[in-house]
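K.L.:
The chain contents come next:
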Amino acid sequence: MAKTLSELTNLISGKLIGDDQTAISSVTTIEIPQSGAITFANDEKNLAKLQGTDIAAVLVPESITEFEKPLIQVANPKLAWAHLLWAFHPAREFDQTISENAFVHPSATIGSNVTLEPFSVVRENAKVGDGSVIRSGSIIDKNVTVGSNTIIHPRVTVYQDCQIGSNVILHSGVVVGADGFGYVFDGQRQFKVPQVGNVIIEDHVEIGANSTIDRATAGSTVIHAGVKIDNLVQIAHNCELGSHTVVCAQVGISGSCSVGQYSTLAGQVGFGDHCEVGNQVIVGAQAGLPTGKKVPDGSILLGSPARPMADMKKQFGAQLRSAETLKVVRDLAKRVEELEKKLDKQEV
Amino acid sequence: MAKTLSELTNLISGKLIGDDQTAISSVTTIEIPQSGAITFANDEKNLAKLQGTDIAAVLVPESITEFEKPLIQVANPKLAWAHLLWAFHPAREFDQTISENAFVHPSATIGSNVTLEPFSVVRENAKVGDGSVIRSGSIIDKNVTVGSNTIIHPRVTVYQDCQIGSNVILHSGVVVGADGFGYVFDGQRQFKVPQVGNVIIEDHVEIGANSTIDRATAGSTVIHAGVKIDNLVQIAHNCELGSHTVVCAQVGISGSCSVGQYSTLAGQVGFGDHCEVGNQVIVGAQAGLPTGKKVPDGSILLGSPARPMADMKKQFGAQLRSAETLKVVRDLAKRVEELEKKLDKQEV
Amino acid sequence: MAKTLSELTNLISGKLIGDDQTAISSVTTIEIPQSGAITFANDEKNLAKLQGTDIAAVLVPESITEFEKPLIQVANPKLAWAHLLWAFHPAREFDQTISENAFVHPSATIGSNVTLEPFSVVRENAKVGDGSVIRSGSIIDKNVTVGSNTIIHPRVTVYQDCQIGSNVILHSGVVVGADGFGYVFDGQRQFKVPQVGNVIIEDHVEIGANSTIDRATAGSTVIHAGVKIDNLVQIAHNCELGSHTVVCAQVGISGSCSVGQYSTLAGQVGFGDHCEVGNQVIVGAQAGLPTGKKVPDGSILLGSPARPMADMKKQFGAQLRSAETLKVVRDLAKRVEELEKKLDKQEV
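Protein chains in written order, with this note's numbering: chain A, 1458 to 1805; chain B, 1458 to 1805; chain C, 1458 to 1805.
Take these hints with a grain of salt, some might be off.
As the list makes no split between identical chains, a pair holds if one copy fits it or if it spans any two.
[Said to hold, decoys possible] Derived pair list, reagent style PhoX-like, types lysine-lysine, alpha-carbon separation capped at 20 Å:
id: 1; residue 1: LYS1584; residue 2: LYS1535
id: 2; residue 1: LYS1472; residue 2: LYS1799
id: 3; residue 1: LYS1535; residue 2: LYS1649
id: 4; residue 1: LYS1472; residue 2: LYS1791
id: 5; residue 1: LYS1460; residue 2: LYS1472
id: 6; residue 1: LYS1770; residue 2: LYS1649
id: 7; residue 1: LYS1770; residue 2: LYS1784
id: 8; residue 1: LYS1472; residue 2: LYS1535
id: 9; residue 1: LYS1502; residue 2: LYS1584
id: 10; residue 1: LYS1802; residue 2: LYS1599
Since the hints were made in silico from the structure, they are not lab data.
Please build the complete structure, drawing on both the sequences and the hints.
P.N.:
Shown next, in the form of structure tokens:
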């Protein structure tokens, strides 16, 4: 499996400084600088951590030209490193067979080179595109379409009528298309609103383990192309997430919210319903957006209730000092009273 | 599938203003006012959003009497709308057969018209009532009882000895009756406390995808009739949720808490253990109740640690200004010092 | 099933005060003091709650010597109580058979006395140790090793190459080894970083329902011996949790964090990435640790952003009064202005 630095340099269109016949046997992270391995360093400070280690070579930006080990200069070292990881660890190959232990309804349409593992289920009128994989325990409900080269890991549920694109990855435990949380109070009990819409997941989306994307009340909940969602995330009915947006673990988005493209929601963020968040927005960890909040393109928000970062940092700073400030205020109150008394006396 | 306004008006006991032969082909939301569809508007402001659209008719409160399209006046327009949604989208019918790919223990009792989908499991001495549905990948463990007309969606686990009522809906990935989180530290390690109680879920409860309800240490964790729980919610051992209470996504309730009837817990709320929350209480999103908190009937709480809404709104307002306040205080401190110096000088 | 107090006293090496032939038929909690049952009271205050009830006997610390019912004195009453619960409720026995409805790859190695329930899956080169249980719907992926006497409850996924120790309990819906959440932005889209590491779960770990432990990007995510994790917890790629640490429900730990031994993370705590938390640390509910936070051994933290408990309690106290403080400051500002005017007049 070892490759020469020459081969690797070609693969990522880099510029090699050092012996091009150096053998590389693995790709690693900076924390594990094992012998024979290549990793990346984005700057001199990180590169210094590799001094005196067994690392065999390092991917660096073009600004770095010298080191005790061979270097490959590239525009984006971390991206080049990810490409090398793929070169050493090609994507898992599935067996492209329909297990005799799978349940496939006669009305379902199964493409070529599809893998259906044991105890997977494909129901009435569902379609699974070429090269896609439905792993054990996953349920593709009736009228669902799955594009091509999509991987549905073990124990995923896609409820009826939902659409999953191509090159999508759904991790184990994901639930797509469960009923949105909609009721009308009739004076005595919560009356269920039928959830008659669906979920549309576009191409190149990846969704982490045990995340849930609810179907729309009417219309569609839409996850646009290239969105990446981490584990244990909740996306409610009728939400729309713009292309290439990133949603970290345990985020919860209430009903009818929209988020633009290239935005980032950090861990445990919560949205009230009907929020409208623009493009290239960043929302910090554990921040909370109240119902109906509108967030312009390019904003960075922190805190709960969330505010623009600069304001919130000042607020956090002031809150840090709030016990101390309270003391100062009490002291000032006494001194002002003192002053008032003195002046009163003068006037008398 | 089209129905006349006359039919629909009868169905919901409303009062029609306009042509009773108008054909209605679908029920929609105000955001998607498609041709041939009916929706609802709770007030003039929302009704105005439908001006000039293709909407065919609108459900309105009795106070609204005029519009460019036919109106049906009703006491509760949203409730009437939900009823019309059911009329156009009847509940899914399952095939009422026991799949040959289901596993049913010989000692289990299966009612009439039950659906057991492929790869569902019903174990020793479990009972599934008439008309109930156990979808693929769901496990009904030994001694569990499931009432009638209950729908257990794909990949639900109900651990041994738990009781599920009638007309219950459990969404995909729900886990009922896993062990409560109980250990005793013995000086070196956490010694597991056996969790020998169960979970009781009463009639008309609905639980969202991937939520977890732990069994009691001893006795029962109880979810009373009509409770609605959203996705990714955690209810710990020995909790009790009162009838018709609503629990939004990602709420976490620690052990031995009780919540009364008709209360609402918004998204990502957290409770420490042994909290006692009354009836008709509202807890705002991301609020946190400390261990042992007692909350009277009718309270509205916000924030973490949670406080009554009015107080917390003032606190949030003051916190918003806290950086500015800090500046004012520092400025006052200087000015007071100045004043003190001046007065000292006078006295000398 | 009834046992005499004499037998029970021997079992836990306690000292009996009262009739050693008293029959005990069950073990209960202090909230349910039923007839014939034994429970524990850690102090006089709790013991008083049992006065006049039907309780048959009580486990107490050595400092308590008198009560209306028989007592067993022990060093740790709650621990003794947990031992008695096990005596009355032995661990569930599984049938130690390989279901004909299980899927076992011919290259897998299955130990003796293993239970494989219907619709469980054990794939290529996986190993399941003696006495372990793989319940229905669980997937043990290729090259996974499971130690001995481990219980994998229904619907658990262990992705390829992960290692599960002995005497481990994984509750329903747990996902071990899904891909870490790693991408590099290439200017247009998020490029996936292959996640080529694994997860190692050591002996005596218990993980709650629907929790997720991601595989490492390279190397291993490690859960050390005796760690206890509650429901709906997220542990990201390359984290390391020290032995006997306790992680409560809905905690989220970002990538490359470490936590020491015997620490406790309360419910809904969130960590940014690369946090380093020491031994015997306690982090309070809903607290948030910012990226890279270092926490010394023995710390107690509260709040978001988290601070040492003593400081944070003062901060919470000051925040509680912040609306009132704001009023005081505004009043002081007016009074200082008044004073300044008066002095100005004097000077003129």
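K.L.:
As a check of your reading, is LYS1472 near LYS1535 (CA-CA no more than 20 Å) within one copy, between copies, both or neither?
P.N.:
within (15 Å within a copy, 65 Å between copies)
K.L.:
What label fits LYS1770 with LYS1784 when the C-alpha limit is 20 Å: within, between, both, or neither?
P.N.:
between (22 Å within a copy, 15 Å between copies)
K.L.:
Using 20 Å as the alpha carbon limit, work out where LYS1584 and LYS1535 are close: within a copy, between copies, both or neither.
P.N.:
Neither: 37 Å inside a copy, 36 Å across copies.
K.L.:
Given a CA cutoff of 20 Å, do LYS1535 and LYS1649 count as a within-copy pair, a between-copy pair, both, or neither?
P.N.:
Classified as between; 11 Å across copies, 49 Å inside a copy.
K.L.:
Treating 20 Å as the Cα threshold, decide for LYS1472 and LYS1791: within, between, both or neither.
P.N.:
So LYS1472 and LYS1791 fail the 20 Å test inside a copy (71 Å) and across (61 Å) alike.
K.L.:
Between copies, within a copy, both or neither: which fits LYS1802 and LYS1599 at Cα up to 20 Å?
P.N.:
Answer is neither; intra-copy 89 Å and inter-copy 87 Å both fail.
K.L.:
With identical chains, the pair LYS1502 and LYS1584 could be close in the same copy or across copies; at 20 Å between alpha carbons, which is it: within, between, both, or neither?
P.N.:
neither (52 Å within a copy, 43 Å between copies)
K.L.:
Could you figure out if LYS1460 and LYS1472 sit no more than 20 Å apart (CA to CA) within one copy, between two copies, both or neither?
P.N.:
Classified as within: same-chain Cα gap 16 Å, cross-chain 71 Å, threshold 20 Å.
K.L.:
Cα distance capped at 20 Å. Does LYS1770 pair with LYS1649 within a copy, between copies, both, or neither?
P.N.:
Close neither inside one copy (43 Å) nor across copies (32 Å); limit 20 Å.
K.L.:
With 20 Å as the alpha-carbon cut-off, assign the pair LYS1472 and LYS1799 to within, between, both or neither.
P.N.:
Classified as neither: same-chain Cα gap 80 Å, cross-chain 73 Å, threshold 20 Å.
When each numbered hint is compared with the structure, violations occur for hints 1, 2, 4, 6, 9 and 10.
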